[in-house]
Amino acid sequence: MHLASLVPSVAVPRRAACAVVLLLAAAGGVQAQQAQSMEERLRAQLRITTSQLQQAQNELAALKAGQGAAAAPARADELAAMKEDLSRAKAQLAAERESRQKARDDSVQLKEQAEAALEKAGAQVAQYRNAYDELLKMAKASEAERQRLASETSAQHTAIGQCEAKNAQLYAVGKEILQAYEAMDVGTVLSARQPFAGAARVRLDEAAQQFGDKLYEGRFDARGAASAAAQ
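Its first residue numbered 1, the sequence shown is counted upward by one per residue in my numbering.
Hints are computed from structural coordinates only; laboratory data are not their basis.
In this text the structure is predicted, and so the values were computed from the model without any measurement.
Heads up, the beta-carbon is just placed ideally off N, CA and C, and yes, glycines get one too.
Hints are not guaranteed to be accurate.
Unchecked claim - FRET-style restraints, in silico, Cβ to Cβ:
1. 90 <-> 55: 12 to 20 Å
2. 138 <-> 163: 31 to 39 Å
3. 108 <-> 134: 35 to 43 Å
4. 213 <-> 150: 48 to 56 Å
5. 137 <-> 213: 36 to 44 Å
6. 166 <-> 144: 28 to 36 Å
7. 168 <-> 138: 43 to 51 Å
8. 161 <-> 213: 17 to 25 Å
9. 130 <-> 150: 24 to 32 Å
10. 152 <-> 210: 44 to 52 Å
All chains, full assembly: derive it from the sequences and hints.
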C-alpha cells in the first residue's frame, strides 16, 4: 500500500517560508542601499550649501565693513536664499533619516513575521510527518492482516479439497462393499459360519481387512490438512 499520495510533500511549507525570508532579506537590503544612497546625496548637498553659506556670510561681512557697500543688499538677499536652501536641505535630510528608520523598522517587522511563519511551517512539517508515520504503521498492520487472512483462506481451500477427495474415496469404497455383498450368495454366508469352512472364512476376513484399510485411508484429518496447507 502506497501512502505517498496522502502526504505529497511535507517540506513544501518550510521551503516556501525560507523563500519568503530570503525575499524579505533581499528587499530590506535594497531598501537600505537606496536609503543610504539618498542620505549620502543629501549630506553632500548639505555640505555644499553650508560651504556656500559660509562663503556668502564672509563676503557679506566684508561688504558691510566697507569694501562694497552698494553690493551688500544683493549679497544679503543671496545669503537669505542660501539659508533657505540650507533649511530645506536639513529638512530633507531629517525626512530621509526618518524614512530610512521607518524602512529599517518595517524590515525588522517583516523579518520577524517571516521567522514566525518559518517556525509555524516547521511545526506543520513535524505534524505532517507524524501523521504520515501513523498512516504508514496502519498500512503495514493492514497488509499483515490481509496476508494472514489470505493464508487462512488458502488453508481452508486446501482442506476442503482434501475433504472432497476423501469423501469421493469413501464413496468408492462403499460402492465396492455394496457390490461385494450383492455378489455374495446365501451358500457363501452359511459356509462361512460352519466350523470347517476355513477357506471361505479367510477370504471374508481378508476382504473385510481390505475394506477396513481403504476406509481408514479415506478418513479426513483436519490437523494434517492444516499442517500441509501451512507448508
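Now the hints, each set against the structure:
no. : hint                    : verdict
1   : 90 <-> 55: 12 to 20 Å   : 18 Å, holds
2   : 138 <-> 163: 31 to 39 Å : 37 Å, holds
3   : 108 <-> 134: 35 to 43 Å : 40 Å, holds
4   : 213 <-> 150: 48 to 56 Å : 37 Å, violated
5   : 137 <-> 213: 36 to 44 Å : 55 Å, violated
6   : 166 <-> 144: 28 to 36 Å : 33 Å, holds
7   : 168 <-> 138: 43 to 51 Å : 45 Å, holds
8   : 161 <-> 213: 17 to 25 Å : 23 Å, holds
9   : 130 <-> 150: 24 to 32 Å : 31 Å, holds
10  : 152 <-> 210: 44 to 52 Å : 38 Å, violated
Going down the numbered hints, you'll see the structure goes against 4, 5 and 10, while the others check out.
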